[in-house]
Amino acid sequence: DVKVTQSSRYLVKRTGEKVFLECVQDMDHENMFWYRQDPGLGLRLIYFSYDVKMKEKGDIPEGYSVSREKKERFSLILESASTNQTSMYLCASSSDQMTGPPYPHYGYTFGSGTRLTVV
Amino acid sequence: AQRVTQPEKLLSVFKGAPVELKCNYSYSGSPELFWYVQYSRQRLQLLLRHISRESIKGFTADLNKGETSFHLKKPFAQEEDSAMYYCALNMDSSYKLIFGSGTRLLVRP
Numbered sequence: 774d775v776k777v778t779q780s781s782r783y784l785v786k787r788t789g790e791k792v793f794l795e796c797v798q799d800m801d802h803e804n805m806f807w808y809r810q811d812p813g814l815g816l817r818l819i820y821f822s823y824d825v826k827m828k829e830k831g832d833i834p835e836g837y838s839v840s841r842e843k844k845e846r847f848s849l850i851l852e853s854a855s856t857n858q859t860s861m862y863l864c865a866s867s868s869d870q871m872t873g874p875p876y877p878h879y880g881y882t883f884g885s886g887t888r889l890t891v892v
Numbered sequence: 006a007q008r009v010t011q012p013e014k015l016l017s018v019f020k021g022a023p024v025e026l027k028c029n030y031s032y033s034g035s036p037e038l039f040w041y042v043q044y045s046r047q048r049l050q051l052l053l054r055h056i057s058r059e060s061i062k063g064f065t066a067d068l069n070k071g072e073t074s075f076h077l078k079k080p081f082a083q084e085e086d087s088a089m090y091y092c093a094l095n096m097d098s099s100y101k102l103i104f105g106s107g108t109r110l111l112v113r114p
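Protein sequence lines, in the order shown, are assigned to chains A and B.
Just so we're aligned: the first sequence equals residues 774 to 892 in the working numbering.
Just so we're aligned: the second sequence equals residues 6 to 114 in the working numbering.
Just chain A, with the same shape it has in the complex:
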């Protein structure tokens, strides 16, 4: 019962290419996130969206943009891929119904990840 689907498991792109990473969730979650996962650095937030057409920068947004035209889909765009963007990219979603005091959210549901290699 896959709930957060990332379109590609492995992707190899050339430097300078425009790259699209797609994420779709079927849980009607309001919030969606893009993280990159690197050894020794953990997960770092790139961008997140709390509603359709809404987006906010995370900790490392440089070189990336996002698009959320529909509630279920959140796309990460690498405008001009560079070798330092070689990484594992994780998409996640969460529901507003689980946020806020006194009991905050029950956690994210993650996708299986896209391993991007930029050559």
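Derived by calculation from the structure, the hints in this document are not laboratory data.
We treat Cβ as the ideally placed atom computed from N, Cα and C, and that holds for glycine.
One or more hints might be untrue.
DSS-like cross-link-like pairs, simulated, lysine-lysine; straight-line CA separation at most 30 Å [unchecked claim]:
hint, chain 1, residue 1, chain 2, residue 2
1, A, Lys830, B, Lys27
2, B, Lys70, A, Lys776
3, A, Lys776, A, Lys844
4, A, Lys791, A, Lys826
5, B, Lys14, A, Lys830
Here are the simulated distance ranges between beta carbons [claimed, not checked]:
hint, chain 1, residue 1, chain 2, residue 2, range
6, B, Glu13, A, Lys826, 39 to 45 Å
7, B, Glu84, A, Gly789, 42 to 48 Å
8, B, Thr10, A, Lys786, 30 to 36 Å
9, B, Glu84, A, Glu829, 37 to 43 Å
10, A, Phe793, B, Arg58, 23 to 29 Å
11, B, Arg58, A, Glu852, 42 to 48 Å
12, A, Lys776, B, Gln83, 24 to 30 Å
13, B, Glu25, A, Ser840, 40 to 46 Å
14, B, Thr10, A, Glu835, 22 to 28 Å
15, B, Glu59, A, Lys791, 43 to 49 Å
16, A, Lys844, B, Tyr44, 51 to 57 Å
Put chain B on the given structure of chain A with help from the hints.
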């Protein structure tokens, strides 16, 4: 500023030994802490939350506000516990989680 610190990159123990994965956080408000786990070739998943005070797969974690810690513990490690563990912080009930750098737990037979 590093908000979540996991000082050990790798923790190796023998089966049946106690395990403690350390997590310290930096936040002056009311934190919400989580532990996530990623088994080999599986997606990252929630293990437990401090607010629910639950024990999952024999693991427990207690929030110590005085020491700003949320260490994950298990009295007797099993080989199937081998995985990558991430501590995560939510501040002010915001939308986003801040993750630590992760600790790889290796349980040897």
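How the hints compare with the structure:
Between Lys830 (chain A) and Lys27 (chain B) the alpha-carbon distance is near 29 Å, which keeps this suggested pair within the 30 Å criterion. Of the pairs offered as hints, the one joining Lys70 (chain B) and Lys776 (chain A) is violated, with about 35 Å between alpha carbons and a cut-off of 30 Å exceeded. In summary, the hint linking Lys776 (chain A) to Lys844 (chain A) is supported, as the alpha carbons are separated by about 14 Å, within the 30 Å threshold. Between Lys791 (chain A) and Lys826 (chain A) the alpha-carbon distance is near 21 Å, which keeps this suggested pair within the 30 Å criterion.
Proposed proximity of Lys14 (chain B) and Lys830 (chain A) is supported: the alpha carbons are some 28 Å apart, at most 30 Å. Distance hint check for Glu13 (chain B) and Lys826 (chain A): the Cβ-Cβ separation is about 42 Å, which falls inside the suggested range of 39 to 45 Å. For the hinted restraint 42 to 48 Å between Glu84 (chain B) and Gly789 (chain A), the CB-CB distance of approximately 45 Å keeps it satisfied. Between Thr10 (chain B) and Lys786 (chain A) the beta carbon distance is about 33 Å. The supplied range of 30 to 36 Å therefore holds.
Between Glu84 (chain B) and Glu829 (chain A), the C-beta spacing of about 41 Å keeps the proposed range 37 to 43 Å intact. About 42 Å separates the C-beta atoms of Phe793 (chain A) and Arg58 (chain B), a value inconsistent with the hinted range of 23 to 29 Å. The given range of 42 to 48 Å is respected by Arg58 (chain B) and Glu852 (chain A), whose C-beta atoms sit roughly 45 Å from each other. Taking 24 to 30 Å as the suggested C-beta distance range, the pair Lys776 (chain A) and Gln83 (chain B) conforms, at roughly 27 Å.
At about 43 Å, the CB distance of Glu25 (chain B) to Ser840 (chain A) agrees with the hint of 40 to 46 Å. For Thr10 (chain B) and Glu835 (chain A), the Cβ-Cβ distance of about 24 Å falls inside the hinted range of 22 to 28 Å, so the restraint holds. Against the hinted window of 43 to 49 Å, the Cβ-Cβ separation of Glu59 (chain B) and Lys791 (chain A) comes to about 44 Å, which satisfies the hint. At about 30 Å, the beta-carbon gap between Lys844 (chain A) and Tyr44 (chain B) misses the expected band of 51 to 57 Å.
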